[in-house]
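So the protein lines, in turn, are chains A and B.
Counting with the working numbering, you get residues 116 to 548 for the letters of the first sequence.
Counting with the working numbering, you get residues 108 to 206 for the letters of the second sequence.
The reader is advised that the hints may include incorrect statements.
Computed cross-link-like contacts, DSSO-like style, restricted to lysine-lysine with a CA-CA straight-line distance of at most 27 angstroms [to be verified]: (1) A:K226 <-> B:K204; (2) A:K246 <-> B:K204; (3) A:K286 <-> B:K138; (4) A:K391 <-> B:K204; (5) B:K116 <-> A:K391.
From the structure, some residues in chain A lie toward chain B, with a derived Cβ separation under 10 angstroms [said to hold, decoys possible]: (6) R223; (7) F224; (8) V261; (9) I366; (10) Q370; (11) P407; (12) K521.
Just some of the chain A residues that point at chain B, by a computed CB distance under 10 angstroms [claimed, not checked]: (13) I148; (14) R150; (15) I220; (16) E242; (17) T282; (18) P295; (19) V298; (20) S349; (21) L358; (22) M362; (23) Q364; (24) P368; (25) Y393; (26) N425.
What the hints contain is simulated information worked out from the structure, not anything from laboratory work.
Fair warning: this is a prediction, and the values are worked out from it, not measured in the lab.
Every residue gets a Cβ at the ideal spot worked out from N, C-alpha and C, and that includes glycine.
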Amino acid sequence: MSEKFDVIVVGAGASGNAAAYTLARSGLKVLQIERGESPGAKNVQGAILYSDALERIIPDFREEAPLERHIIEQRMWVMDERSYVGTHFRSDDFNKPPYNRYTIIRARFDKWFSDKVKEAGALVICETTVKELLRDDAGKVIGVEVDRTDGRIYANLVILADGVNSTLARKAGFRPELDPRHVALAVKEIHFLPKDVIESRFNIQDEEGVVIEMMGKITHGMMGTGFLYTNSDSISVGVGCLLSDFMAQKITPYQLLEQLKAHSSVAPMLEGGEMKEYAAHLIPEGGYHAIPQIYGDGWMIVGDSGMFVNAVHREGSNLAMTTGRIAAETVIELNREGKAMSAANLARYRARLDDSFVMKDLKKYKDLPEIFDANKQFLTTYPSLLNRSAYDMLKVDGEDKRSKQKDIYRGFRAERGLMGLLGDAYKLWRAFR
Amino acid sequence: MNAKAVSIKVEDKLYQNRYLVDAGRPHIQIKDEAVCARCATRQCTVCCPAGCYEDGEGPVVLTTDGCLECGTCRVICTTHRNVEWEYPRGGYGIQFKFG
Ligand SMILES: Cc1cc2nc3c(=O)[nH]c(=O)nc-3n(C[C@H](O)[C@H](O)[C@H](O)COP(=O)(O)OP(=O)(O)OC[C@H]3O[C@@H](n4cnc5c(N)ncnc54)[C@H](O)[C@@H]3O)c2cc1C
Ligand code: SF4
Numbered sequence: 116m117s118e119k120f121d122v123i124v125v126g127a128g129a130s131g132n133a134a135a136y137t138l139a140r141s142g143l144k145v146l147q148i149e150r151g152e153s154p155g156a157k158n159v160q161g162a163i164l165y166s167d168a169l170e171r172i173i174p175d176f177r178e179e180a181p182l183e184r185h186i187i188e189q190r191m192w193v194m195d196e197r198s199y200v201g202t203h204f205r206s207d208d209f210n211k212p213p214y215n216r217y218t219i220i221r222a223r224f225d226k227w228f229s230d231k232v233k234e235a236g237a238l239v240i241c242e243t244t245v246k247e248l249l250r251d252d253a254g255k256v257i258g259v260e261v262d263r264t265d266g267r268i269y270a271n272l273v274i275l276a277d278g279v280n281s282t283l284a285r286k287a288g289f290r291p292e293l294d295p296r297h298v299a300l301a302v303k304e305i306h307f308l309p310k311d312v313i314e315s316r317f318n319i320q321d322e323e324g325v326v327i328e329m330m331g332k333i334t335h336g337m338m339g340t341g342f343l344y345t346n347s348d349s350i351s352v353g354v355g356c357l358l359s360d361f362m363a364q365k366i367t368p369y370q371l372l373e374q375l376k377a378h379s380s381v382a383p384m385l386e387g388g389e390m391k392e393y394a395a396h397l398i399p400e401g402g403y404h405a406i407p408q409i410y411g412d413g414w415m416i417v418g419d420s421g422m423f424v425n426a427v428h429r430e431g432s433n434l435a436m437t438t439g440r441i442a443a444e445t446v447i448e449l450n451r452e453g454k455a456m457s458a459a460n461l462a463r464y465r466a467r468l469d470d471s472f473v474m475k476d477l478k479k480y481k482d483l484p485e486i487f488d489a490n491k492q493f494l495t496t497y498p499s500l501l502n503r504s505a506y507d508m509l510k511v512d513g514e515d516k517r518s519k520q521k522d523i524y525r526g527f528r529a530e531r532g533l534m535g536l537l538g539d540a541y542k543l544w545r546a547f548r
Numbered sequence: 108m109n110a111k112a113v114s115i116k117v118e119d120k121l122y123q124n125r126y127l128v129d130a131g132r133p134h135i136q137i138k139d140e141a142v143c144a145r146c147a148t149r150q151c152t153v154c155c156p157a158g159c160y161e162d163g164e165g166p167v168v169l170t171t172d173g174c175l176e177c178g179t180c181r182v183i184c185t186t187h188r189n190v191e192w193e194y195p196r197g198g199y200g201i202q203f204k205f206g
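Generate the whole structure from the sequences, applying the supplied hints.
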């Protein structure tokens, strides 16, 4: 391939597709390279798609994108071994078009998005792994080397949309190796069930969906959460915990998932389903402080490769699409102004991100990872106390409620102490402020 | 959640997956077996979600056929940095049907 491109995008995930689509639509000459057999073949997500990010790129996506169910109800469960205390939020407002969130199946969704990228005029090649970035004597990135014969391809700019592991950014020295405290390992299964069974089990109608987020003892004190999402005719169930916590535990990820599935509150929902795939993936959860340098001479980083995930709200694909879009818009603008793809000019990308919800949200929670890491009681003691309290108050056994309340209060004090309780409340308030 | 009641073979899970194995070209390698033999923690044998690392008397044994390409083994080998980790050649490895 001797021709030179305006931009090479590495990766056909959420961020790469958003960038390639936006660039190609503006008339730039774009090459996108994906290592999977097809786009999506390597990608794992829960998966909730937040409409807003995609709508800003493809306003009428609802008409053709492969969407599973729009979410009308969100459940949050704090669990111990035998029970959960939960909140359920269901709203008619979420049940009115245009819908705000959907469940999706990434392999299908990414293929669709990639077709849009091709329609927009980009050249997309799959089954090709980028081995290395090519640089000139001054260190400027001038192209990529792929694992095919004559694999050197040149461009004015390379956008790294290669996901959380980003072998390319690490090799090029743009980013250090991932810190086990900054990534979660998630494992996930998909279970197929008839549509009507899902709908009656979750008390929903055609196309309506429920998401359940779970925390507490199910992660054995590890920082992490479980999830269960309804698709059209399948259920996605998974659990993810910080790698640094997995290292300290002696439980395998698949055992953890088995235990979650066997929980008396989860098992009935999967009953009778047929498991058809087991997947694993890392999630960058280091937050604001872990964001690396995201641009330089001839290169930019978007999506998971740049650590753009809001772990608190489980948002990632939307940050990926938004960073991809904003990166592309920056390039389009510089190109129109006849400016070079230099670090100084590309700094506009970071400035724009700083101005967007992406950085504002990540900044808001910048201290949260450390707080949870240093305070395991949020994941062990409190879920247990909460569940025990609920059980005691609801059990009818001849003891008066005031005495029970006193016992519960004593229980909390005994396990955490008054100062501990107040300190925890303060820490949580500060972190979420 | 009864830890005893739920024991599972990871092979049964991986059996559902679709792979295109690049025969004879493992994409992950242990750099120096002697280092594993001395390693006390052997995180890889617990943390790998595909059970690719087998613990035993001698060195850790790595079989990458069921690899899910998550990157975990590379990231957790913090003391020794003894894992040579690459993605498989384009088109090979796990091919998620759903993801
Ligand atoms: C279990 C789980 C649940 C999640 N749930 C949600 C959720 O509900 N909602 C949400 O918004 N986010 C969720 N996320 C996060 C979300 O999936 C990611 O933030 C998002 O996929 C990031 O997109 P990306 O394009 O940056 O990276 P990816 O989607 O990982 O795409 C990277 C692409 O680059 C390709 N690639 C990598 N290296 C190379 C190379 N050298 N050469 C060629 N191609 C390469 C890969 O094959 C891949 O296609 C979840 C993540 C996980 C793991
Ligand atoms: S990349 Fe993940 S699945 Fe593959 S061997 Fe390493 S830990 Fe196991």
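Comparing the hints with the structure gives:
1. Only pairs whose Cα atoms come within 27 angstroms are accepted, and A:K226 paired with B:K204 is accepted, the gap being roughly 11 angstroms.
2. About 25 angstroms separates the Cα atoms of A:K246 and B:K204, which keeps this hinted pair within 27 angstroms; it holds.
3. Using a Cα cut-off of 27 angstroms, the hinted pair A:K286 and B:K138 holds, with the two alpha carbons roughly 17 angstroms apart.
4. Pair hint A:K391 plus B:K204 holds up; C-alpha atoms about 9 angstroms apart against a cutoff of 27 angstroms.
5. For the proposed pair B:K116 and A:K391, the alpha carbon gap of about 15 angstroms is at most 27 angstroms, so the pair holds.
6. The criterion of a C-beta within 10 angstroms of any C-beta in chain B is met by A:R223, whose closest approach is roughly 8 angstroms, and the hint holds.
7. A least Cβ separation of about 9 angstroms between A:F224 and chain B falls short of the 10 angstroms threshold, and the interface hint therefore holds.
8. For the restraint placing A:V261 at the interface with chain B, the shortest Cβ-Cβ distance is roughly 7 angstroms, inside the 10 angstroms limit, so the hint holds.
9. Of the supplied interface hints, the one on A:I366 holds, with its beta-carbon coming within about 7 angstroms of a beta-carbon of chain B, less than 10 angstroms.
10. For A:Q370, the suggested interface contact is upheld, since its CB lies about 7 angstroms from the closest CB of chain B, less than 10 angstroms.
11. Interface restraint check: A:P407 against chain B, minimum CB-CB distance 15 angstroms, threshold 10 angstroms, status violated.
12. Among the interface hints, the one on A:K521 is violated; its C-beta lies about 29 angstroms from the nearest C-beta in chain B, farther than the 10 angstroms criterion.
13. Look at A:I148: its Cβ gets to within about 8 angstroms of chain B, closer than 10 angstroms, so that hint holds up.
14. For A:R150, the shortest C-beta to C-beta distance to chain B is roughly 5 angstroms, which falls under 10 angstroms, so the interface hint holds.
15. Interface restraint check for A:I220: the shortest CB-CB distance to chain B comes to about 5 angstroms, inside 10 angstroms, so the restraint holds.
16. Interface restraint check for A:E242: the shortest CB-CB distance to chain B comes to about 3 angstroms, inside 10 angstroms, so the restraint holds.
17. Interface hint at A:T282: satisfied, since its Cβ lies 6 angstroms from the closest Cβ of chain B, which is below the 10 angstroms cut-off.
18. Interface restraint check for A:P295: the shortest CB-CB distance to chain B comes to about 6 angstroms, inside 10 angstroms, so the restraint holds.
19. The interface hint given for A:V298 is met, as the beta carbon of that residue sits about 6 angstroms from the closest beta carbon of chain B, less than 10 angstroms.
20. A hinted interface residue such as A:S349 counts as satisfied when its beta carbon comes closer than 10 angstroms to some beta carbon of chain B; here the least separation is about 8 angstroms, so the hint holds.
21. A hinted interface residue such as A:L358 counts as satisfied when its beta carbon comes closer than 10 angstroms to some beta carbon of chain B; here the least separation is about 6 angstroms, so the hint holds.
22. With a cut of 10 angstroms, the hint placing A:M362 at the interface with chain B holds, because the nearest CB-to-CB distance is about 5 angstroms.
23. Because the closest C-beta pair between A:Q364 and chain B is about 8 angstroms apart, less than 10 angstroms, the hint holds.
24. Given the 10 angstroms rule on beta carbons, the hint for A:P368 holds: about 4 angstroms separates it from the nearest Cβ of chain B.
25. With 10 angstroms as the threshold, the beta carbon of A:Y393 comes within range of chain B, its nearest partner Cβ sitting at about 4 angstroms, so the hint holds.
26. With 10 angstroms as the threshold, the beta carbon of A:N425 stays out of range of chain B, its nearest partner Cβ sitting at about 20 angstroms, so the hint is violated.
Of the numbered hints given earlier, the model fails hints 11, 12 and 26; all others are met.
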